[in-house]
Amino acid sequence: MNILVCVSKVPDTTAKIAFKDNNTKFASEGVTYILNPTDEWYALVRALELKEAAGAGKVTVINVGGAENDQYLRKALAIGADDAVLIESAVDLEPFYVAKEIANYAKVNCYDVVVTGKETIDYNSFSVGGMIAEFMDCAFISQVSKWDMNGNLATINREVEGGEEVMEVSTPFVLSAQKGMAEQRLPNMKGIMMAKTKPLAKIAAAGGDPLVTIVKFDEPKPKSAVKLFSVDDVESLVKALNEEAKVI
Amino acid sequence: MIIVYIESTNGHLKKSSLEVMTYSKKMATQMATEVAAICLTPCDASLVGEYGISKLYQASDARFEHFDSKAFTKAIAEIFTNNGGKVLVLPFNQNGKALAPRLSVRLNAGLVNGANALANTSNGFVISKNVFSGKAVANYQIHTDVKIVSLASNSIPAEKNPTSCEVIPSATSLSDTDFSTKYIKSELVSGDIPLSEADLVVSAGRGLKGPENWGMIEECAKILGAATACSRAVADVHWRPHHEHVGQTGLAISPNLYIAVGISGAIQHLAGVSSSKTIVVINTDPEAPFFKAADYGIVGDAFEVMPKFNEALRKLKA
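Chains H and V supply the protein sequences, listed in that same order. Going by the numbering used here, the first sequence opens with residue 1, and the numbers climb by one from there. Going by the numbering used here, the second sequence opens with residue 1, and the numbers climb by one from there.
Here chain V stands alone, though its shape is the one from the complex (with noise of 0.2 Å):
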């Protein structure tokens, strides 16, 4: 039995919970097995069922409204073993990431953390996942019994494979003191789209000389409905606050469509972004190491060319 963890915000799934549904039930399909979800917030089952997952395990307690890490591991692990769970699936979103090594450690399996693709089970069971930020790539074999997976978002698109999903309350037997922190408040950026499930992003660098200068970068991103995104040295000199940076030490996006305009490439911000499907590049430098990179580019002065840009964006929007 394979089963996946899903989250929702407001009742409504995430995107990452689509994609690892629909991984899970590939996987589930390539091993022969079943699978069922766990969601520890309300969700709409009738939404889980389109997605291929014929059981869902409703919790259904006021404590899991915030997310804390040691609480969430333990109702996890109690509803996956109560269940016959082998394989366990999880976003690696912010949540996952926190999640994923606890439940290593919890129900002794060995984990993959950010995999990019399907298991090879024809010897064992292998699958890779990105490591040196994007660099290489490496196969990893888990040997336990039990095994965890968090899927790399963006790794492959939800795709809908429906079927009748039976929703199943679960109570844990979770005590108040599990519960280990006190939320106070969110500081969400309005409106935006969050950079790590974005499709497509824009994202600029030094060459835009000042903060002053991103209006065209956000009326491109505003066209597109793509997030905005920034080199480390425009995040490092506060033009752009910090969650905006992508690269080997900032975040590490895999989007569909990855816009680079005025930076100019360095290995390290490479890193994190060489895995975008697209990579169009706008450098004033011909030699500029991103445009190695890179699917599409222009050179050319990021003043001139994103005007230009943007109105032919427009004309496609219209």
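Pulled out of the complex, with its shape left as it was, chain H reads as follows (with noise of 0.2 Å):
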């Protein structure tokens, strides 16, 4: 079974988020990125299990982005997937086309699953999965914490409100991973060296109109200072909670 990853780069979770431009585009001086959480710790790595209990297989990762984002995949290689590809543009594309551009490399080269995070942490848009089964014409199991393969059959755990939904579903499908689906790897020496000589291809994006852009960034609401009650009246936080607030 050849597994197809899709990996993003982030802002690291701890980065200042500021913006330039008139507010028009994300300031991204100085800011250190990473492998997107959900999908390094969740989808490679659950990716990589599986190839390892089947002794066979491929697992491949793939990122849509710049030129500078062969480090990132490098990454993804020195955790254990087998080889990778950058799908090169200049320009930051949107879902939409990221999704295209992913679908079509997965059809032409007949992966038989297409994993990505849930969402990535940066415009938390939990589009990308979707719109590349929709490409693709298969099945999309979102938010998925469990996942096992028998054959071409998989069996799945996918969140819903108030618990989870299992399902079966026969390759090939698209999933999007959450916590629950496997543990963080770190990469080792080992990894680490492999890693610089793994394939790692790349091609150029078509890109297209855009369907959507963001014209504008809004810092959040700032929020007034805290309220502070003492241990011993509690029933004043009460009263605010249910006068004041209007919560309770």
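In short, the hints are calculated from the structure, not lab data. Quick reminder that beta carbons are idealized off the backbone N, C-alpha and C, glycines included. You may find that some hints are simply not true.
[Claimed, not checked] Label pairs and their computed distance ranges (CB to CB):
1. V/156 / H/52: 23 to 29 Å
2. V/167 / H/226: 48 to 54 Å
3. V/314 / H/153: 48 to 54 Å
Could you fit the two chains together into a complex? Lean on the hints.
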């Protein structure tokens, strides 16, 4: 079984989020980037586990982005992916075109499963996985916390309101991964050395006319200072929640 | 024409559906157009009318009993297109997150997934949503003729605006091969309020010292009718189930009230909860970063504060 794992590059979880050019662009200067956590920790690691359990197949990591993104793909290779593909685009593509590029690649190269993280922590759009599936005209299961394979049949737990739903699906399919699916793996020295010589293909992205564009960023509304109550005055807190905030 | 996708479980409309109907009605008033609803499972048409929806496209097909993103996408797209839809509104819930992106491709329509307010239509169609896990807001312009918006839960309160609702039975051309997944079973956490839909949330972290001390948190949730949540640290060591983890890599929520007990408020945690309307923090450390994001707080030991807090809540509710 061949699995294509989509990995994104996102600002570190502790990065300061600021904007420039009259609040129309993200200020990337000085920002440290990481692999998107759900892509790295869950999607990639579970794909590797399934390949290892089957003793066959391959795991390819794919990214759509700038030429400098090869370093993030190298990290995924160090964690254990077999090969990598960078679909290069000098401009940031919106989820629709990212998904279109990946779906085309997956179809042409006959991948059995395409996996993404449930969302990226930058634009939180929850979009690329579902869009890939529609471009491929196949099943999409979102927010998966458990994924097992038996031949070409998968058993999957999907998060729903108030619990989980268990389902079966045959390849090809797309899923988005979330917490519970696997545990983070740290690359070791051998992995890092091997990653340097693993294949990393580069292809040019086609892109297209934008469907949506960000016209402006805003800061979230500032909070007023916290009102503190003493341990012996818990009743006043309850009163404030009831009469002032009117939330209970 | 605005068309809103709504969902029912056992015939009852979900809370997120009441919110998207309210939202769509307001948008329709703003754009001087009509609003209709699509429901693929049986629902109460009179309730749909109460939220200002004048037409309900009601499917009646047993195959829709269990969610399947591929089949549902095809059905919604077909009904939407056949009835002249221009704006499609969905809830940004578990199903909506799977459907909206698929529909964006199928209808070749620009999507804002997780909108938090009505559109600004004074110059094009611009709609805002939280980005960078709540650390900023982005205003998206949708350029396509057909537009898709999914609405983050708790963005606007459900509000009635009664009208009469005509039910239009709607068949779709789906074949069995359009259904791509086979439902096996549901594993629901009985009696709990789903965290993603909860108005009130009581959450706790490492300050509680061990899973055996969650009784006072659960008691507080029970008195308030709240859902329980936890920090990543606590979910990682399996003190609490994964689905309770809120934060940047867990669930992002925006309830009316978020009570954080023994959680320091790391930036990754704040990212998932900072859009809550009111935040209460109970922590022994006066320097805990969470106090900067809080509306109300108590600097004190959870083991001392919570029994008193629960007692005071019980008195209020009595």
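Going through the hints against the structure:
1. V/156 / H/52: 23 to 29 Å: 47 Å, violated
2. V/167 / H/226: 48 to 54 Å: 50 Å, holds
3. V/314 / H/153: 48 to 54 Å: 51 Å, holds
Checked against the numbered hints given earlier, the structure breaks only hint 1 and satisfies all the rest.
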